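Those sequence lines, one after another, are chains D, Z, Y and B.
All the letters of the first sequence, read from the start, carry residue numbers 144 to 269 under the working numbering.
All the letters of the second sequence, read from the start, carry residue numbers 144 to 269 under the working numbering.
All the letters of the third sequence, read from the start, carry residue numbers 144 to 269 under the working numbering.
All the letters of the fourth sequence, read from the start, carry residue numbers 144 to 269 under the working numbering.
Think of the hints as simulated: they come from the structure by calculation, not from any bench.
Each hint should be verified, as a subset may be incorrect.
Identical copies go unnamed one by one, so any copy, or any two together, can satisfy a pair.
Okay, derived cross-link-like pairs now, DSS-like style, lysine-lysine, Cα gap no bigger than 27 Å in a straight line [as the list claims (entries may be wrong)]:
id: 1; residue 1: Lys214; residue 2: Lys173
id: 2; residue 1: Lys173; residue 2: Lys197
id: 3; residue 1: Lys173; residue 2: Lys228
id: 4; residue 1: Lys214; residue 2: Lys197
Values in this document were obtained by computation on a predicted structure and should not be read as measured data.
Number of protein chains: 4
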Amino acid sequence: MFNLNPNTGVPIYRQLMEQVRRMVSSSQLKPGDALPSVRELAMTHAVNPMTISKAYSMLEAEGLLERQRGKAMTVAGNLPLQESKPDRLERLQPAIENLAMAARQLELGSDDVLKAVREHMEKQDA
Amino acid sequence: MFNLNPNTGVPIYRQLMEQVRRMVSSSQLKPGDALPSVRELAMTHAVNPMTISKAYSMLEAEGLLERQRGKAMTVAGNLPLQESKPDRLERLQPAIENLAMAARQLELGSDDVLKAVREHMEKQDA
Amino acid sequence: MFNLNPNTGVPIYRQLMEQVRRMVSSSQLKPGDALPSVRELAMTHAVNPMTISKAYSMLEAEGLLERQRGKAMTVAGNLPLQESKPDRLERLQPAIENLAMAARQLELGSDDVLKAVREHMEKQDA
Amino acid sequence: MFNLNPNTGVPIYRQLMEQVRRMVSSSQLKPGDALPSVRELAMTHAVNPMTISKAYSMLEAEGLLERQRGKAMTVAGNLPLQESKPDRLERLQPAIENLAMAARQLELGSDDVLKAVREHMEKQDA
DNA sequence: GTGGTCTAGACCACC
DNA sequence: GTGGTCTAGACCACA
Numbered sequence: 144m145f146n147l148n149p150n151t152g153v154p155i156y157r158q159l160m161e162q163v164r165r166m167v168s169s170s171q172l173k174p175g176d177a178l179p180s181v182r183e184l185a186m187t188h189a190v191n192p193m194t195i196s197k198a199y200s201m202l203e204a205e206g207l208l209e210r211q212r213g214k215a216m217t218v219a220g221n222l223p224l225q226e227s228k229p230d231r232l233e234r235l236q237p238a239i240e241n242l243a244m245a246a247r248q249l250e251l252g253s254d255d256v257l258k259a260v261r262e263h264m265e266k267q268d269a
Numbered sequence: 144m145f146n147l148n149p150n151t152g153v154p155i156y157r158q159l160m161e162q163v164r165r166m167v168s169s170s171q172l173k174p175g176d177a178l179p180s181v182r183e184l185a186m187t188h189a190v191n192p193m194t195i196s197k198a199y200s201m202l203e204a205e206g207l208l209e210r211q212r213g214k215a216m217t218v219a220g221n222l223p224l225q226e227s228k229p230d231r232l233e234r235l236q237p238a239i240e241n242l243a244m245a246a247r248q249l250e251l252g253s254d255d256v257l258k259a260v261r262e263h264m265e266k267q268d269a
Numbered sequence: 144m145f146n147l148n149p150n151t152g153v154p155i156y157r158q159l160m161e162q163v164r165r166m167v168s169s170s171q172l173k174p175g176d177a178l179p180s181v182r183e184l185a186m187t188h189a190v191n192p193m194t195i196s197k198a199y200s201m202l203e204a205e206g207l208l209e210r211q212r213g214k215a216m217t218v219a220g221n222l223p224l225q226e227s228k229p230d231r232l233e234r235l236q237p238a239i240e241n242l243a244m245a246a247r248q249l250e251l252g253s254d255d256v257l258k259a260v261r262e263h264m265e266k267q268d269a
Numbered sequence: 144m145f146n147l148n149p150n151t152g153v154p155i156y157r158q159l160m161e162q163v164r165r166m167v168s169s170s171q172l173k174p175g176d177a178l179p180s181v182r183e184l185a186m187t188h189a190v191n192p193m194t195i196s197k198a199y200s201m202l203e204a205e206g207l208l209e210r211q212r213g214k215a216m217t218v219a220g221n222l223p224l225q226e227s228k229p230d231r232l233e234r235l236q237p238a239i240e241n242l243a244m245a246a247r248q249l250e251l252g253s254d255d256v257l258k259a260v261r262e263h264m265e266k267q268d269a
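Model the full structure from these sequences, guided by the hints.
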């Protein structure tokens, strides 16, 4: 469900926050849905529970998640519906810019890049 | 030439190191070429000179750059030629994986992603 | 400057957040002013630095404080001026309600309460 | 009768314990008086019954309350009479100190504070 | 020097 | 079982 990599330089809690935001944006996580428990996520990703907890707390402060005492955190109930495709494409932009910059610096043209992206995504779908 | 963003969580010096490596990998920076001076880069990107200097020093320790007293740092002279396209595509993988993960979490299909990437890269070329 | 009590049941980081908000509200801390460093505050109050850091981080997320790399945190520069007296009295309400509830349950009348408050505040001023 | 606020950070059971102690201290609850049932209090304050029960049990352990099988809990019969006014003023101190600290940080003088307290208590009496 | 991140582990509050 | 808070201590990024 989530993909946390401690070696990228991006803090783990920030990776998680961003990924939760995206899952909510696409309605793979809907208002009222429970998130994985702090301990469970910490176990499966071999990360300290506090690191997960920090991400959840900050998303709660943002209003994206809600806490219910003694229960798992849930997606906030007062959120707008699934974001439109243009909005979600907007959220994709940073990853695209990052890719394009790398390609430019590697002198790889759009043909090569598009081919590599297509292959990766097809392999993933399969 | 470079693109340094202090807000991503990735340390600035690591962003710079990675970007220099890519430019060398593609021979946009060739053995003997001078890099921008620490001061210049620090000015244009509003970054502390020590941060630039640290990146350069670590690349020097890696053998990618050479320092000549009183002159700008240059790309090391004993480097292999431009990397082959497969090698450079390999360097592109992390950015592709990052993009694919974001797309999956946003529930955007490969068609939409490829279209967005193509548009971004064309706009950039223009 | 601050008053942190670990025995009230109110989390320390929340006590600190509330007190910083009040100091800013009254302009005892003005935009641009530096706050005590995390380590300093942790030392003087015998509290773990992370506890202080957590309060500061959450106030930053709120927009009340700003972080400058390598420097102490400062009060955000884009804040409105000192709050009006009615606004500050509004902030005082929870403490007043708490006092009134206690007085009611202790069957102490407003005369006794006002006298006690006056005495406490005069002693404090002296 | 009681005032339980889940958002202050103070555990609910501690809020309740403190308030019961004050009611007993002022003889608004006298030895032999029955307390509201766990279920009733839990309902009216939208709190988990176990939370109420825990507060009652701890007050029982303190000797302030007595449990009679199948009946409501009552105030213990062997308690001293109503506390003297100085004793009750002593119990009020924490709330006063809290108020004075808030006022100081908000730069509100004793005149303003006393006025606000008086107004609040009069409104409450009315 | 500053703050940030993470860990390992404890105890608490609540369901 | 859930999340929350705190500690002690390590290492990193940045000025």
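Evaluation of the provided hints:
1. Lys214 with Lys173: within (17 Å within a copy, 38 Å between copies)
2. Lys173 with Lys197: Answer is within; shortest intra-copy Cα gap is 21 Å, inter-copy 29 Å.
3. Lys173 with Lys228: Only inside one copy: Lys173 and Lys228 sit 16 Å apart there, 42 Å across copies, limit 27 Å.
4. Lys214 with Lys197: Close inside one copy (17 Å) and across copies (19 Å); limit 27 Å.
Checked against the numbered hints given earlier, this structure breaks none of them.
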